[in-house]
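Peer 1: Sequence:
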Amino acid sequence: VAVALYGIVALFALGAILSTGEYIIIVHLIPAYIIAILQVWIFDIRGDSRHWLPEVLGATVMSVFAVSIGLASGWTPDRALMLSIIIIARAIPTIVYVRARLRQIKSNETPSQRPLMLHAIAVIGVTMLSIWGYIPWLTILALIILLIRAVYFLQRGAIIPAKILGIQEIIFGLLLVSLTAIGYALT
Numbered sequence: 001v002a003v004a005l006y007g008i009v010a011l012f013a014l015g016a017i018l019s020t021g022e023y024i025i026i027v028h029l030i031p032a033y034i035i036a037i038l039q040v041w042i043f044d045i046r047g048d049s050r051h052w053l054p055e056v057l058g059a060t061v062m063s064v065f066a067v068s069i070g071l072a073s074g075w076t077p078d079r080a081l082m083l084s085i086i087i088i089a090r091a092i093p094t095i096v097y098v099r100a101r102l103r104q105i106k107s108n109e110t111p112s113q114r115p116l117m118l119h120a121i122a123v124i125g126v127t128m129l130s131i132w133g134y135i136p137w138l139t140i141l142a143l144i145i146l147l148i149r150a151v152y153f154l155q156r157g158a159i160i161p162a163k164i165l166g167i168q169e170i171i172f173g174l175l176l177v178s179l180t181a182i183g184y185a186l187t
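Here my numbering is used: position 173 in the sequence shown is 173, and no number is missing along the way.
Treat the hints with caution; some may be incorrect.
Label pairs and their calculated CB-CB ranges [unchecked claim]:
| hint | residue 1 | residue 2 | range |
| --- | --- | --- | --- |
| 1 | R114 | W75 | 28 to 36 angstroms |
| 2 | I34 | P161 | 36 to 44 angstroms |
| 3 | L53 | V151 | 23 to 31 angstroms |
No wet-lab data here; the hints were simulated from the structure.
The model shown is predicted, which means the values in this text are computed figures rather than measured ones.
Virtual Cβ for every residue (Gly too), placed ideally from N, Cα, C.
Taking the hints into account, I'd like the entire structure generated from these sequences.
Peer 2: Here it is in structure tokens:
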């Protein structure tokens, strides 16, 4: 029922966009929809959606919708694309971090350095884009906080309920969105 409701809302939104003649807002969504459909067909139907690949694909596909929001708000395509890059720079390292933390919580397993490396790569990549003037500096601050969070919690290894880990990640996600929005408002 929920999927049908989402589909109806999506059709109305598509109709509204098509009625404006602003096709650029949705053209880039076509590959995203194809990947999303393949993800559901390949992973979700088979019950394999908790594998790292569908989680990363899902986050990456969802980031494309930020581009549409930026374009609908009148942003240039390159500026709108930066929203997607910011989401990916947060999502991929966080997915790997959360998976490592869950393994650490459930089996007291020593985490690999992969989450820290991915966070560092995200900070470096976003810093480069910020130096070139595409992304606000406050986004770098948010990603550095996420890197510090990963270092602290992976080294500390505190056993917490998975629900608390999820709440922490929602808060960190809101921090990234808030600092990025403030950063863009200041530019």
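Peer 1: All hints are to be evaluated individually against the structure, with a verdict given for each.
Peer 2: Hint by hint, here is what the structure shows:
Distance hint for R114 and W75: a CB-CB separation of about 33 angstroms, consistent with the stated range 28 to 36 angstroms. Judged by the Cβ atoms, the range 36 to 44 angstroms given for I34 and P161 holds: they are separated by roughly 37 angstroms. Taking the beta carbon of each, L53 and V151 are about 25 angstroms apart, inside 23 to 31 angstroms as hinted.
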